[in-house]
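Visitor: Chains as they are written, first to last, in the working numbering: chain A, 1 to 733; chain B, 1 to 179.
Worth flagging that the hints you see were computed from the coordinates, not collected in a lab.
Bear in mind that the values here come from a model prediction, so they are computed numbers and not experimental data.
Some clues are possibly wrong.
As the list claims (entries may be wrong) - 30 angstroms max Cα-Cα, derived DSSO-like pairs, lysine-lysine:
id	chain 1	residue 1	chain 2	residue 2
1	A	K292	B	K179
2	B	K168	A	K216
3	A	K437	A	K662
4	A	K642	B	K179
5	B	K168	A	K223
6	A	K218	B	K178
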Amino acid sequence: MVRVSRRTFLKASALAGVASSLPLMVNFNDFARAAQEAPITKIPTMCNGCSSTCGKYVYIKNGRVWKVEGNPINLKSSGKLCARAHGMAADVYGLGRVTQPMKRIGEMEFEPISWAQAFEEIGNKLYEIINEHGGNSVMWLGHGGKEHYASTFLDEIGSANYVTHYATCFSSKTNVWDRMVGTMLNSDFDNANYMLFVGRNFAGGIIPGVMNRITKAKERGAKVVVVDPRYCELAIIADEWIPIRPGTDLALFLGIAHTLISEKIYDRSFVTNYVYGFDEFWSANKDFTAEKAAEITGIPAEKIREIAREMAANAPKAFLDTGYHGLHAHYANSTQIAMMNVVVNALLGNMFQVGGLMPSAGITLGHVETPQREIPEKGPRADGAGVDDEYPTVEPSRGIPQIVPDLIKKGRIKALFIYHYNPLRTAPDPEYQKGLKEADLVVSIPVDWNETSLYTADYILPESYYLERTEPPKVISGFIAHAYPQIAVRRQAIKPIHNTLPLLDILKGITAAAGYYNLYPFTVEEEIKASVKPLNIAPELLMETGCLEFPASVQPGFPMKDGKPALNTFTGKVEFSIGAFKLYGRQGVATWVPPLVMPNGEDEFRLIHGKQPWHSHHFTCNNPYLMAISDKYNGTWLWMNKTRAEKLGIKNGDLVTISSEKATKEIRVKITELLHPDCVWIPSAYGGFSEKLKTAYQEGINYNDFIPARVEPLSGSVMGQEVIVKVRKGGNS
Amino acid sequence: MARFAMLIDASRCTGCNACRIACQMQWQLPPERYFNRLEHRERGIYPNAKWEIVPIQCMHCDNPPCRDVCPTGATYKRTDGIVLIDSKKCIGCKYCLAACPYGVRQINENGVPEKCRFCAEYIIEGIMPPCTSTCMNEVRVFGDLDDPNSKISKLMAKKEVYQLLPEKGTKPRIYYVKK
Numbered sequence: 001m002v003r004v005s006r007r008t009f010l011k012a013s014a015l016a017g018v019a020s021s022l023p024l025m026v027n028f029n030d031f032a033r034a035a036q037e038a039p040i041t042k043i044p045t046m047c048n049g050c051s052s053t054c055g056k057y058v059y060i061k062n063g064r065v066w067k068v069e070g071n072p073i074n075l076k077s078s079g080k081l082c083a084r085a086h087g088m089a090a091d092v093y094g095l096g097r098v099t100q101p102m103k104r105i106g107e108m109e110f111e112p113i114s115w116a117q118a119f120e121e122i123g124n125k126l127y128e129i130i131n132e133h134g135g136n137s138v139m140w141l142g143h144g145g146k147e148h149y150a151s152t153f154l155d156e157i158g159s160a161n162y163v164t165h166y167a168t169c170f171s172s173k174t175n176v177w178d179r180m181v182g183t184m185l186n187s188d189f190d191n192a193n194y195m196l197f198v199g200r201n202f203a204g205g206i207i208p209g210v211m212n213r214i215t216k217a218k219e220r221g222a223k224v225v226v227v228d229p230r231y232c233e234l235a236i237i238a239d240e241w242i243p244i245r246p247g248t249d250l251a252l253f254l255g256i257a258h259t260l261i262s263e264k265i266y267d268r269s270f271v272t273n274y275v276y277g278f279d280e281f282w283s284a285n286k287d288f289t290a291e292k293a294a295e296i297t298g299i300p301a302e303k304i305r306e307i308a309r310e311m312a313a314n315a316p317k318a319f320l321d322t323g324y325h326g327l328h329a330h331y332a333n334s335t336q337i338a339m340m341n342v343v344v345n346a347l348l349g350n351m352f353q354v355g356g357l358m359p360s361a362g363i364t365l366g367h368v369e370t371p372q373r374e375i376p377e378k379g380p381r382a383d384g385a386g387v388d389d390e391y392p393t394v395e396p397s398r399g400i401p402q403i404v405p406d407l408i409k410k411g412r413i414k415a416l417f418i419y420h421y422n423p424l425r426t427a428p429d430p431e432y433q434k435g436l437k438e439a440d441l442v443v444s445i446p447v448d449w450n451e452t453s454l455y456t457a458d459y460i461l462p463e464s465y466y467l468e469r470t471e472p473p474k475v476i477s478g479f480i481a482h483a484y485p486q487i488a489v490r491r492q493a494i495k496p497i498h499n500t501l502p503l504l505d506i507l508k509g510i511t512a513a514a515g516y517y518n519l520y521p522f523t524v525e526e527e528i529k530a531s532v533k534p535l536n537i538a539p540e541l542l543m544e545t546g547c548l549e550f551p552a553s554v555q556p557g558f559p560m561k562d563g564k565p566a567l568n569t570f571t572g573k574v575e576f577s578i579g580a581f582k583l584y585g586r587q588g589v590a591t592w593v594p595p596l597v598m599p600n601g602e603d604e605f606r607l608i609h610g611k612q613p614w615h616s617h618h619f620t621c622n623n624p625y626l627m628a629i630s631d632k633y634n635g636t637w638l639w640m641n642k643t644r645a646e647k648l649g650i651k652n653g654d655l656v657t658i659s660s661e662k663a664t665k666e667i668r669v670k671i672t673e674l675l676h677p678d679c680v681w682i683p684s685a686y687g688g689f690s691e692k693l694k695t696a697y698q699e700g701i702n703y704n705d706f707i708p709a710r711v712e713p714l715s716g717s718v719m720g721q722e723v724i725v726k727v728r729k730g731g732n733s
Numbered sequence: 001m002a003r004f005a006m007l008i009d010a011s012r013c014t015g016c017n018a019c020r021i022a023c024q025m026q027w028q029l030p031p032e033r034y035f036n037r038l039e040h041r042e043r044g045i046y047p048n049a050k051w052e053i054v055p056i057q058c059m060h061c062d063n064p065p066c067r068d069v070c071p072t073g074a075t076y077k078r079t080d081g082i083v084l085i086d087s088k089k090c091i092g093c094k095y096c097l098a099a100c101p102y103g104v105r106q107i108n109e110n111g112v113p114e115k116c117r118f119c120a121e122y123i124i125e126g127i128m129p130p131c132t133s134t135c136m137n138e139v140r141v142f143g144d145l146d147d148p149n150s151k152i153s154k155l156m157a158k159k160e161v162y163q164l165l166p167e168k169g170t171k172p173r174i175y176y177v178k179k
């Protein structure tokens, strides 16, 4: 491996420093004029204020990031940006960043080391661990979605242990759609006449392109109905807000399905031609009437029937949005909720139909040809995802991140690489998650001093900020139906301002030092070139525009082959009954499953959470601009229904004590008419406890403090809203 | 001659605050200073409740009380209607802060009041103010009322509009769409 000595590095950065500073000026006025008249460059790239990767332009003036603007072509941004996109661009200069490689020397103490030393020490330790315990004792734990470099590494050492954050977010959705439909479909906002959103707040978990489409659809007369225990931001622009008892969305879906079927207003020809398992579903659910749903959800039966009838009347230009974080990881019945989402949409016959649900247009990118390597056989997954006698129906491609401390305790995992992920704050039970540090080797690759790095990492290897990196192009897809495929690229807007590296270089260094030579025989520029080669476009064109659109590749109509339905499922049809669930002794069709816990006493509430429009869960919480918004609007406060608050003698702004079996915390309360009485609500952003992140430190509380690390057996999710808290007036002293 | 104005459809605002921070970046303001804010209001009783948000910023009034009380002429109104502050003339008396019925002025680190400038330097080049261009819900429409073909002129002709605190006689250049 090529080693960079500390001295060479210093020499190089000194030179870079001279080159980037302004020429010497005679006086301040000259300086000011030169600064003002400096040319502005506009560089296209992709946002990382959340994981939606909107296309945006970065304006650079005097070598500094000035401002950002949405790329109008990119369908996620559609020319618009949210607060996070602006704030997180400024955060390239944030004080919370890890500025150079760090090695732990004490409980909370680190010393800066060179990249060369970091690679050598980590490489040697990794070599020892693999020799002694095998490659399968190594785990890559990350947010997920873009770490193809990690797969190369895990394949080489024979590890099956690639684990993502999805169990804390939406794993029941991906699990179920893959089995029932064989693909993921997305709402056709542009053409729908009736849109039902249940537990999905696009104005909180923002995709600007989606909100732009929803508000435009409203202009042309589409109806928008929002079902949510909280009057979420999306409800503001909706025709109707229907509050629902939290944890009972499954009953609503069953009630809608029952109305569609019993009133014979479902799409019978769609069901006959393209659905497998309808009879099995109906015989298991024919007693689950709208009345029964009303009893459980608190929504009047007539309202449930009205929704079903209006959807049927507008079908196929009507959809139940396929949802996201809100319903797909947080309840004991989240898997059945996801199944019923498929069922309701299929009964409307809206799949592969204009104005209903359509696939995302895809396009195949090329890749760098690398020499074939001998790949060792992988062991079983340490988290048991997809393993017969553990969690057989959980997707191995996503895994079960919340139980990793147990896997370390059991001796299954010895070396842990954590990439852009902060389970100590974003997974259940932070005290339990601190057990990650018991692995023989813990390497965290973050951009900032997040809780996980500070409390558990032996080494912190800072990745360059997203505005400092160039990455291979990706196909833009998800959440929005679009017939035209798009590709977009993340392009370096400014040179790294600290001693950081992109992930590719970090992995090149570690793997070479561990004895895996030339595992990544390419540069990112070569990757970009290879990616666009099959598309017959010059890589320069993509780099100049940031985003390119290609001719339509999606047509409406159910996928057929030789006159038969040809979905990627066993029968080629939409399967209401999941064979794999039956195989492992579970029911194949969705039926009513009650939530795990229910509030009873006068001081008991279900604790629910959601994304605040200007924060991406905890990731943005150290940003002074975004936190100034939180300060102005009392963003950290706990929401409580007014009638419930009055019974407890709690007034707006009061300090309360909130406790579960896991934690007791203090927080101020916002009293509101905009929340179901059964629950209290907090934004998912707060509760920072890394002393190195000064702006986020000890601001507000986090729902993860209150929940134990559990696993929903079918999809592996955390069941993050299956928790009852007691709330009483006054502080904890 | 241009007659710049803004039309705000508050019923489209979902409170994401992109307008606030896009403006802060444009003008390189520190985190705690901002030129536009959101007023939140709840109406009704659960479950028949509503959440309303109204974006507020300098109204660029045709009768600006901030200008009228300024003892040095630091606050002035351009012929195109934009109200600006000449920091060199300002003595920091803060009369304007007290006079503004919309509460949109803030004191900067040099003791000079600041507020929304309607992005004066940019709009003459045809660049939209970032509060307007970044908004996913297209809450704001900015433009020239003297140009009958501008989007704002066309919308104003079609929609019923109102102004905030008309009883103050300030004649704001920001109009709101009536629900």
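Visitor: The structure should be examined with respect to each hint, and the outcome stated for every one.
Guide: Each hint, compared with the structure:
1. A:K292 x B:K179: Given pair K292 (chain A), K179 (chain B) is violated - Cα atoms ~37 angstroms apart, limit 30 angstroms.
2. B:K168 x A:K216: violated, 35 angstroms
3. A:K437 x A:K662: holds, 20 angstroms
4. A:K642 x B:K179: holds, 27 angstroms
5. B:K168 x A:K223: violated, 38 angstroms
6. A:K218 x B:K178: holds, 16 angstroms
Checked against the numbered hints given earlier, the structure breaks hints 1, 2 and 5 and satisfies all the rest.
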